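**Q** Which chain is which? The protein sequence lines are A and B, in order.
Per my numbering: the first sequence ends with 314, consecutive numbering throughout.
Per my numbering: the second sequence ends with 732, consecutive numbering throughout.
These aren't lab readings, by the way, just hints derived from the structure by calculation.
Since the model is a prediction, treat every value here as computed from it, not as a measurement.
From the three backbone atoms N, C-alpha and C, an ideal C-beta is built for every residue, glycine too.
Misleading hints may appear alongside valid ones.
Label pairs and their computed distance ranges (CB to CB) [to be verified]:
{"no.": "1", "chain 1": "A", "residue 1": "16", "chain 2": "B", "residue 2": "718", "range": "34 to 40 Å"}
{"no.": "2", "chain 1": "B", "residue 1": "651", "chain 2": "A", "residue 2": "70", "range": "40 to 46 Å"}
{"no.": "3", "chain 1": "A", "residue 1": "70", "chain 2": "B", "residue 2": "341", "range": "32 to 38 Å"}
{"no.": "4", "chain 1": "A", "residue 1": "218", "chain 2": "B", "residue 2": "334", "range": "35 to 41 Å"}
{"no.": "5", "chain 1": "B", "residue 1": "599", "chain 2": "A", "residue 2": "153", "range": "51 to 57 Å"}
{"no.": "6", "chain 1": "B", "residue 1": "698", "chain 2": "A", "residue 2": "130", "range": "45 to 51 Å"}
{"no.": "7", "chain 1": "B", "residue 1": "334", "chain 2": "A", "residue 2": "309", "range": "38 to 44 Å"}
{"no.": "8", "chain 1": "B", "residue 1": "566", "chain 2": "A", "residue 2": "153", "range": "37 to 43 Å"}
{"no.": "9", "chain 1": "B", "residue 1": "679", "chain 2": "A", "residue 2": "70", "range": "47 to 53 Å"}
What follows is the residue order along each chain.
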Amino acid sequence: MSTILEVQNLVKKYGDFTAVKGISFEINEGEIFSLLGPNGAGKTTSISMLSTLYAPTSGDALIAGHSIVKDPMQVRNAIGVVPQDLALYEDLTARENLMFWGQMYNLSGKALKNRVDEVLNQIGLMDKAKDRVKTYSGGMKRRVNIGVGLLHKPRLLFMDEPTVGIDPQSRRAILDTVKDLNKQGMTVLYTTHYMEEAEELSNRVGIIDHGEMIAIGTQKELTKQVGETETLILHISENDDPQALVTAFKGIKEVLEANVIDHEISIITPSAKDVLASVVTKANERGIKIHSIDIREPNLEAVFLHHTGRALRD
Amino acid sequence: MLKTFLIGIKDLRIAFRDRAALILMLAAPFILTLGLGLVTGRFSNNSGSGLANIPVVIVNLDNAQLGNALVATFNSADLADLVEPTVGSDSDAARLLVDEDKSAAAIIIPAGFTNSILPQNGNDPTNEAVKIEVYANPSRPTSAGIIKAIVDEFLSRVAEGAVSGQVSILQLMSSGRITPEQAQAAGQEMTARLQNNPPENNLAIKLNSSTANGETIKFDALAYIAPGMALMFLMYTVSYGGRSILAEKSQGTLPRLLVSPTNSIQILGGKIFGIFLTGTAQMLILIGASSLFFQLKWGDAFGVVVLVLAAVFGATGWGMLITAFARTPAQVGSIGSATMLIFGIMGGSFIQLDQMPAFVQTFSRITPNSWALDGFTTLGLGGTLADLSTPIIALLSMGMILFLISVFMFSKNNLVQK
């Protein structure tokens, strides 16, 4: 597989604040690469630089062999961008939006019309194509937003948190669309702070936090980093103090790590069944009622926790 | 170039789908034109010539040369279409007609008016001039204003004649051509000439003019009101267009354009073209609508089109400048609305510029309204494109200067550059 994106020590500074601190990674043609990280980690800034919207403070990236610094126009022809926020003309219909954006990507005539029809079918809005976008639901708008990024069949598609703030049904449709696009050969760089999305979609994942790439690899490679561990998630009442319980759990021999996430307590251990009895006893001793306990296999959440000591939702 | 055009067309389409914008771009100027037309009596007669047949009652208590001359002026052929004078004998009855809104004004020429100005039978004129009273109808300000203007013009001519006569006699005396004894006779001769050639014959108020082929053109008051309103709301349209630049930034479509294979110049050019197109469409629709519904004659069609393009170009420059200085779409809206009103007032959309103080007239030249109104008035009086060189050059220069400043500001503020 050839490399379609090669990021070389990319830095973005705003005055004294460094939003992206020299990240480097590669994406191979045909894969879905997720950039996973909490809000404010630097995902959108990274995509903005890679899509030539912002010039990097230092470093460079090659997309389809073209430098984002020296040859931005060639880069723009090779990429499609689905921004985090809707970027559509709400007083235009879906078809008019797609026609306009297709023209901005140098499509014209019959080829443009045919491509717009294809995309409308792909995003499932052919029957609503003549309605103004402002009359659409949030999910439908998201689909048009994605459709715009697909019009010129880009070699590399940037999708910046495309499922933020939408209903589960639309979210499902978007994730299925991403998988379909990838099956058709499109390379996707997908940013998200939802671990489940990264796990479902990605061939490889880059975990980013505070502007730094803290881990990169396949899911298997990443979960190996936290070892053969399991995670117990305890749900307790909002009135109880989880911090005292966490301190108690850390005293259990088999507990590697314990953290509070909202009113859940996360416990990382080599064997969940070995610590379960001790955990329940400690809670009972403090009069804290455990509503439920989930046992999870090693996942990206655990990887993030392992590297940062924080949950992705923090 | 194609993308610039496409962005402009897209903006035109969006502008004409915005109901609130349409109300301000088209409905508001149209309704205001209609309203002001009604106030000026433009629609209350069948002449189709705007201000016409203004009812005025004249009470001539002077019954001497100048009083009679003023009555004759109002009955002259020049003013036949404009005023409809009736002569009364009772001052109070005349004022009552005005109070009852049956007349736009009453002119009371007091006894001794002529004698207060012209020497009679060798006697000097009285020291203090007797004043003519114009009793105006407050509900017909424009019509009453026209009556007052005619009387003022008449008095101005009378005063001019009297003063020039006195100066002439003094000069003749000082040069030794006549003796002091002959001065009185010379004065009487001049008075006789003035009486034989009263001001009515060379009155400066010319409401009629002729086209090159000799056809008589009647100036329609609406031909001033309609462009005035259209130009005032053109300023709204250009600020609306400017606001869309910042709105695209905040709604994410500008960044999306910037990551497409479209360069900053094409984008900015497209936005400017969109404003220009929208403004031009607005002006042409208003001109078309007023021609259709008000039977308004705008004058030479080619001149109108060129003047509209120049006016929109100048106004677009202002729209860009406002946008370049503003930070948010809301700021553009606020500054744009204020500019629309200030330029509307200062540029003569509500009050004719020649009725304003000199400094306002000078300052008004920074507005596209003022220059364009000059042009539309010229066209309304039968002028052609050849007569419009000054306003057109002024508007184009205004637009160019403002564009250059705006582009400098945009690049400084990194609005369309990364």
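**Q** Hint by hint, say whether it matches the structure.
**A** Cross-check of the supplied hints:
1. A/16 / B/718: 34 to 40 Å: holds (35 Å)
2. B/651 / A/70: 40 to 46 Å: Check passed, 45 Å falls within 40 to 46 Å.
3. A/70 / B/341: 32 to 38 Å: violated (52 Å)
4. A/218 / B/334: 35 to 41 Å: violated (53 Å)
5. B/599 / A/153: 51 to 57 Å: Since the Cβ atoms of residue 599 of chain B and residue 153 of chain A sit about 41 Å apart, the hinted range of 51 to 57 Å is violated.
6. B/698 / A/130: 45 to 51 Å: holds (46 Å)
7. B/334 / A/309: 38 to 44 Å: This hint is violated: roughly 52 Å between Cβ atoms.
8. B/566 / A/153: 37 to 43 Å: The hinted range 37 to 43 Å is violated for residue 566 of chain B and residue 153 of chain A, with Cβ atoms some 22 Å apart.
9. B/679 / A/70: 47 to 53 Å: holds (49 Å)
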